[in-house]
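Participant: Each chain, letter by letter, is given below.
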Amino acid sequence: MKLYYLIGRRILQVIPVFLGVTLLTFAVSHSIPGDPARAIAGIYANEQTVEAIRHRWGLDRPVYEQYGIYVKGLVQGDLGVSIQSRRPVMDDISDRLPATIELALFALILMCLIGIPVGVVSANWRNKLPDHLSRLFVLIGGAVPTFWLALVAQLVFFRYLGWLPSGGRTSDMIASPSHISGLYLLDSALTLNGAALVDSLEHILLPGITLALAGITSITRMTRASMLEVLQRDYIKAARAKGLSRRKVVLKHAFKNALIPTVTILGMMFGSMLSGAFVVEWIFSWPGLGSLAATSITNLDYTTIMGVSVVIAFVYVLANLVVDVSYMILNPRIRLE
Amino acid sequence: MRGSMSRDAPVATAHAGEATGSGRGQSLLSVENLRTHFFTYQGVVQALNGVSFDIRGNEAVGLVGETGCGKSLTALSVMRLVEEPGRILDGEVWFEGKDLLQLTEAEMRRIRGNRIAMIFQDPSTYLNPVFTIGNQIGEVISLHQRLRGKELNRRVVDTLHMVRMPDPERVARQYPHQLSGGMRQRCLIAMAVACNPKLIIADEPTTALDVTVQAAILLLLGELRQETGGALLLITHNLGIVAEICDRVIVMYSGDVVEASPTRELFVSPAHPYTNLLLDAVPKLHQDPSERLPSIPGSVPNLIHPPSACRFHPRCPHAREVCATEKPLLQAVSDGHMAACHLWYPPRRGSWEAA
Numbered sequence: 001m002k003l004y005y006l007i008g009r010r011i012l013q014v015i016p017v018f019l020g021v022t023l024l025t026f027a028v029s030h031s032i033p034g035d036p037a038r039a040i041a042g043i044y045a046n047e048q049t050v051e052a053i054r055h056r057w058g059l060d061r062p063v064y065e066q067y068g069i070y071v072k073g074l075v076q077g078d079l080g081v082s083i084q085s086r087r088p089v090m091d092d093i094s095d096r097l098p099a100t101i102e103l104a105l106f107a108l109i110l111m112c113l114i115g116i117p118v119g120v121v122s123a124n125w126r127n128k129l130p131d132h133l134s135r136l137f138v139l140i141g142g143a144v145p146t147f148w149l150a151l152v153a154q155l156v157f158f159r160y161l162g163w164l165p166s167g168g169r170t171s172d173m174i175a176s177p178s179h180i181s182g183l184y185l186l187d188s189a190l191t192l193n194g195a196a197l198v199d200s201l202e203h204i205l206l207p208g209i210t211l212a213l214a215g216i217t218s219i220t221r222m223t224r225a226s227m228l229e230v231l232q233r234d235y236i237k238a239a240r241a242k243g244l245s246r247r248k249v250v251l252k253h254a255f256k257n258a259l260i261p262t263v264t265i266l267g268m269m270f271g272s273m274l275s276g277a278f279v280v281e282w283i284f285s286w287p288g289l290g291s292l293a294a295t296s297i298t299n300l301d302y303t304t305i306m307g308v309s310v311v312i313a314f315v316y317v318l319a320n321l322v323v324d325v326s327y328m329i330l331n332p333r334i335r336l337e
Numbered sequence: 001m002r003g004s005m006s007r008d009a010p011v012a013t014a015h016a017g018e019a020t021g022s023g024r025g026q027s028l029l030s031v032e033n034l035r036t037h038f039f040t041y042q043g044v045v046q047a048l049n050g051v052s053f054d055i056r057g058n059e060a061v062g063l064v065g066e067t068g069c070g071k072s073l074t075a076l077s078v079m080r081l082v083e084e085p086g087r088i089l090d091g092e093v094w095f096e097g098k099d100l101l102q103l104t105e106a107e108m109r110r111i112r113g114n115r116i117a118m119i120f121q122d123p124s125t126y127l128n129p130v131f132t133i134g135n136q137i138g139e140v141i142s143l144h145q146r147l148r149g150k151e152l153n154r155r156v157v158d159t160l161h162m163v164r165m166p167d168p169e170r171v172a173r174q175y176p177h178q179l180s181g182g183m184r185q186r187c188l189i190a191m192a193v194a195c196n197p198k199l200i201i202a203d204e205p206t207t208a209l210d211v212t213v214q215a216a217i218l219l220l221l222g223e224l225r226q227e228t229g230g231a232l233l234l235i236t237h238n239l240g241i242v243a244e245i246c247d248r249v250i251v252m253y254s255g256d257v258v259e260a261s262p263t264r265e266l267f268v269s270p271a272h273p274y275t276n277l278l279l280d281a282v283p284k285l286h287q288d289p290s291e292r293l294p295s296i297p298g299s300v301p302n303l304i305h306p307p308s309a310c311r312f313h314p315r316c317p318h319a320r321e322v323c324a325t326e327k328p329l330l331q332a333v334s335d336g337h338m339a340a341c342h343l344w345y346p347p348r349r350g351s352w353e354a355a
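So the sequence lines, in the order shown, correspond to chains A and B. In this text, residue positions in the first sequence follow my numbering: the first is 1, and each later residue adds one. In this text, residue positions in the second sequence follow my numbering: the first is 1, and each later residue adds one.
These are calculated hints, taken from the structure and not from any lab test. Hints may contain errors.
To be verified - With a straight-line Cα cutoff of 27 Å, these simulated BS3-like cross-link-like pairs (lysine-lysine) come out: (1) A/Lys248 to A/Lys128; (2) A/Lys128 to A/Lys252; (3) A/Lys252 to B/Lys98; (4) A/Lys256 to B/Lys150; (5) B/Lys98 to A/Lys237.
Every value quoted in this text rests on a predicted model; they were computed, and no experiment measured them.
Whenever a hint applies, use it, and build me the whole structure from the sequences.
Facilitator: Here it is as structure tokens:
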């Protein structure tokens, strides 16, 4: 009961945040140099044509009116028309969003599956061999730049070993799985399409790992630090005094408490992976939001830039909502405040 | 010195642990020559320096001494819960016919929470904030008694009932932060008594509570002991509490047991100068409130470089030369009353000296 009430209140709080985001992206995209009407018309069009286009796209109206029209469209799910593709921006984005979400989710799962256990092991064997190894891994993994890692991974696993494809989401020979969620791994698993599943997995492996590495090291560090802190707490001693094994104490009493700060980081990372996967998407030709944003910036396609920004902000806010809800599940003290 | 001093009294020169009167056979817990040290960068902290004492079944024993004298560490050493860099170097802890220090960790786990349970000082930090009270009490019951499901829930509620918790069904579903300090302490006590242990070690169970709640918790501890017939080791620095509920008192100073005595006798005729000064420092009703309370001169010794022999000698008004050179053994001063002080039994010089 209380949980639902709190989630509802949290969603309402998101609305002003969201308005702020649209205002900011609108202001920024309108202050960047370059004339969008000229970009639509092309370099060789005459002034009259450019003027006509400016009028037709509403670019001659006052800025506040343009913003009003934009927000009105936004509420109805209309992000305007892309200058570059002449399709509704919403369509362009919904074609690309699943790819980005799939990549980010895959990386997020890797972060949890690797970062959290390594952090726990590291804390439990503090200053012993496993801890030294994990700290070395954190140091190296955190120091390697993503673009360099992406190129080296491509070189080694595609060029030399030939184990994995160099980019894209699927091979040409294998049909994409039928569209359910747009996440190929999920769709092919749901339709029991083994060939497509293996193919999607092969394609996502390199970009996924590359994207996840920096996050894995942060999660490892965070989990280790908060486990070490929690293991010093009095209730750990009390749990040991009950006769619980050390493993049970670590995995039950310490782990749930230590997870709280880690979840915060995970939520923020998911948000930044959606917008920050540009480099990885670019290098691995991953047809996601990142590469869409990159091409629309170079083409001055400002409706698409804004659309991508708004969608990323939306997902970011959503990710934070999920973090808040998982807080409430993990930490009963928050539920009552 | 209060009390009589007789040089003709029988001298118990045997090993301190065996000299405690009853011997291993009758005591529930018999700690002998327990030495726990901490190995820090600054040096070795000699926190427990050969602690010996006995507790008989269904006896309430107070363990008193100032902060840092090793009271809590004694309890943790008995439970074998001393954390790095602390290490138990030497000694024996006999409980129900077994030396706990010789058991494997798995065997020791079956003792903890089951045969010997512990109640801690601050109920707000010793309860895990993210699990319900029912979960945390049920955990110890399911661990040692293999109960599950409905039966377990019933036992949890029964246990909460036992510690006089109002509305136990509701409390079992609540989290620690939803309860008051006194209720939380009742929960910690419930966890300790859940498996009906033979010995409960209570480490300053009332220090973090309001004075009115303290009285209620002490009353509860006393009643529970009578109901269950177990023994209680009460660690405290509050002599008033000791006088109220303990049968015997053990006084520690700087990692040594300096005196062990029936409660009444300790208050009437303390044998060790430290105990004497400690009792002088307790505020009394007829005292002139404008006067300063007497205090023990000097400060708590550094345990990395402790004073030689008797660790109390630098602060002792009766100190003699021998106190700095020979460590006094714990010896009987009267029936059941022991003290470790040269004032009572000047050590005999070796025969070569007499010759």
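Participant: If a hint holds in the structure, say so; if it doesn't, say that too.
Facilitator: Taking the hints in turn, this is what the structure says about them:
1. A/Lys248 to A/Lys128: OK: A/Lys248 and A/Lys128 at ~20 Å, within 27 Å.
2. A/Lys128 to A/Lys252: holds, 22 Å
3. A/Lys252 to B/Lys98: violated, 30 Å
4. A/Lys256 to B/Lys150: holds, 25 Å
5. B/Lys98 to A/Lys237: Given pair B/Lys98, A/Lys237 holds - Cα atoms ~23 Å apart, limit 27 Å.
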